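**Student:** Got chain A; can you put chain B on it based on the hints?
2 protein chains.
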Amino acid sequence: MPALKSWFSIPRGSHFSLANIPFGIISTASSKTPRVAVAIGDHALDLEAFTANNGFSALSTIQPHQAVFSESTLNAFAALGRPVHSVVRKYIQSVFDRDTPYPEVLKANSDLQKKAIFPLAEVQMHIPFQIGDYTDFFAGLHHAFHAGRQFRGPINALQPNYKHLPVGYHGRASSVVVSGTPIRRPNGQYKTDPAAEDSAPVYAPCRKLDFELELGAFVCKPNDMGKPVPILEAEENIFGVVMMNDWSARDVQQWEYVPLGPFNAKNFGTTISAWVVLSDALAPFKLKGIENDVDVLPYLREKDSKSVFDIRLNVDLKTSSGNSSTIAESNGKYLLWSFPQMLAHHTSTGCPMQVGDLMGSGTISGTEPTQFGSLLEQSENGKTPVQLPSGEIRKFLEDGDEITFTGVCGTDDEALVGFGQCVGRIEPAPQF
Amino acid sequence: MPALKSWFSIPRGSHFSLANIPFGIISTASSKTPRVAVAIGDHALDLEAFTANNGFSALSTIQPHQAVFSESTLNAFAALGRPVHSVVRKYIQSVFDRDTPYPEVLKANSDLQKKAIFPLAEVQMHIPFQIGDYTDFFAGLHHAFHAGRQFRGPINALQPNYKHLPVGYHGRASSVVVSGTPIRRPNGQYKTDPAAEDSAPVYAPCRKLDFELELGAFVCKPNDMGKPVPILEAEENIFGVVMMNDWSARDVQQWEYVPLGPFNAKNFGTTISAWVVLSDALAPFKLKGIENDVDVLPYLREKDSKSVFDIRLNVDLKTSSGNSSTIAESNGKYLLWSFPQMLAHHTSTGCPMQVGDLMGSGTISGTEPTQFGSLLEQSENGKTPVQLPSGEIRKFLEDGDEITFTGVCGTDDEALVGFGQCVGRIEPAPQF
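Order-wise, the sequence lines are chains A and B. When we follow UniProt numbering, the leftmost residue of the first sequence carries the number 1, and every step to the right adds one. When we follow UniProt numbering, the leftmost residue of the second sequence carries the number 1, and every step to the right adds one.
Looking at chain A on its own, in the form it has when it is part of the complex (with noise of 0.2 angstroms):
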């Protein structure tokens, strides 16, 4: 398919193409109350400065529902549902056509376009979601073992439990932060000496603090108590899909995650990309996951075996002293379950999502080094410094390191689908 070409100026090599049409809450210097709009080559379009001014005019689906987009957050947006999320962005793709049907809307409206366009430099973003449960899986397979073998070793590595279901934890939603948002690193109670068995832990600044290159999805449909969501209708409670950063305390979790998993290593704080990349606009970047050689049970066998996205995914280092370097490149590609099979096993006993509740994929690494999705796996859990081409090594995050992932899909530059990027900067242990 040919890129679609638009009046707009859309800088070549975009992630917000007129083919992606990412949703997000901004705020701006002349109007500081958070609200939805899209993100377009290099600039937002404000949703309720658009509405305000007939912007839908044309569409009277959305009519009804126009006060969505004066909300703070995208929750009231994604409960309409995956068919009104496509028609609101097939809408705006048409009104940013270079042949656009409604030109009167923005194209010859320049009163309009000095109103509700605005330079994403100068808008503000915030937590697209109100997120009530956030849910962290474990489908990088590459990861599993990895990271199994760092805690276990390499026979014990995959649980005999892992090709048979996605396996995933609670995770903690009031500390997940939009992109950009400082990450403090931890104190925690660790073990300085994991292998003396005897010796007392300590309550000390993380020494081994981490991230996580995944995928989130948020929730648009929710399902009532003791009703789960079969397998081939979990697409359509997909809204969409961000980056996300599960920064990690792995001497905290070492500590603590036996018997009941994960805890203060990961609750100190999780970034989200701000932009969320529509499951509509994802769609052509479906490929098969990983094969998994277990016959799976029925609940959680997919129609259709293209079911994750080919997004590649980058982990960018700038260091405190100013370096940056690419540390990583992964691809979505690398997860042995999908959202919706995760979606289809997390409501399998019956439990009740809401609207804008957070899936996250698990870490998503490839199989060679430098597709590893975290320093646990990078380093060896800290054996191996990894050397950085500015001379500088890193075990693991120091104070003043910046971590930045970027995800897109597609190959036409005029036409890429990208999730901008997903932030977050060490600063020092708050002191005690």
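What the hints contain is simulated information worked out from the structure, not anything from laboratory work. What you are looking at is a predicted structure, and each value in this text was computed from that prediction instead of being measured. Certain hints may be false.
Repeated chains share a single entry, so a pair holds when one copy, or any two copies, can fit it.
Capping the alpha-carbon separation at 27 angstroms, the derived lysine-lysine pairs in DSS-like fashion look like this [as the list claims (entries may be wrong)]:
no., residue 1, residue 2
1, 227, 318
2, 191, 227
3, 303, 333
4, 90, 286
5, 32, 288
6, 383, 90
7, 191, 303
8, 163, 191
9, 303, 227
10, 306, 288
**Tutor:** Only chain B this time, still in chain A's reference frame:
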């Protein structure tokens, strides 16, 4: 201290004596809108109606905040802070006092009595808080030992970290429901013969459905991300306590929980009692918990060693054939860690807590089989059937079984501080 006497009829033995004044959310036949109330004897005092009719005229502290009593959850009232809860509780006690200094408010105001006082049998109770995040701890030492023995044998029953930190995991907030809500037996993935290493799992109705006798505490004061709550301040952040049944699917749990902890085994339903007993009302019943023979780190050290509560906890089982019996008698004192310690640990890495967040204690068992707070313990994971007085037996819960928890503090029948009931009845698993 002699019992407070009231002009209002409060039955002897009521959980809701004048010493209590627990808070909850009610609706009535005449007004379906949920709102704040307190329980007194066999009645509820509707605080919205009380407020609207100048009930708080003698309490200037609360007047700027009276709108909180029209809310459909306790979040806004809780956010006012413990000094305000304390003043409101004392004022309501004084209004009901036999020698009330404010007879015109209610004692001599039969009109307001008619408008604001409802028999408990006629009110509908609602979930008391909008719960942002729910965390379940594992602070019942005897339970931790008994459960660990079932899953890992006696040698590894307690993990090395157990006495150094309050082990906990993030739970599922969306499936916390108020007492009386039916609980549907989940279908789930498990192995019918966990010992058969190569056997395939099934997706089928849970065969090891269990209850867990817990207490839960609600947070009333938020902390910013990155800022731990100091142990000596933690008590101020706890609004009050409820009874909690953390229903568990043991077969699902055993198959799924390594390495990331319990997930689907716990997310299909958690029942809490409807009335929240304020921290102030529980203060006279503080006592020393189980002695910790480990020297805990300073961030977990309490000033006062009396930090758990002497609450007599009962578990009653009513089978589908209508026979009722008490199957466990435990006590809130069988905890190794207190709620302030749980909160200090939870926030030790900087995890932000919000008003309305719920912390569960973990199952509270004594040392004797008659004190075991779960069937996992009582039946030794299904190996030893529990004999009921009716002649029936139970390894785990059957469809139609109803579990009722009761909890009460004190011995003076005119001054009990109780929790009412926490009830749930098992419905058959959904067809699929």
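**Student:** What hint numbers does the structure not satisfy?
**Tutor:** Violated: hints 5, 6.
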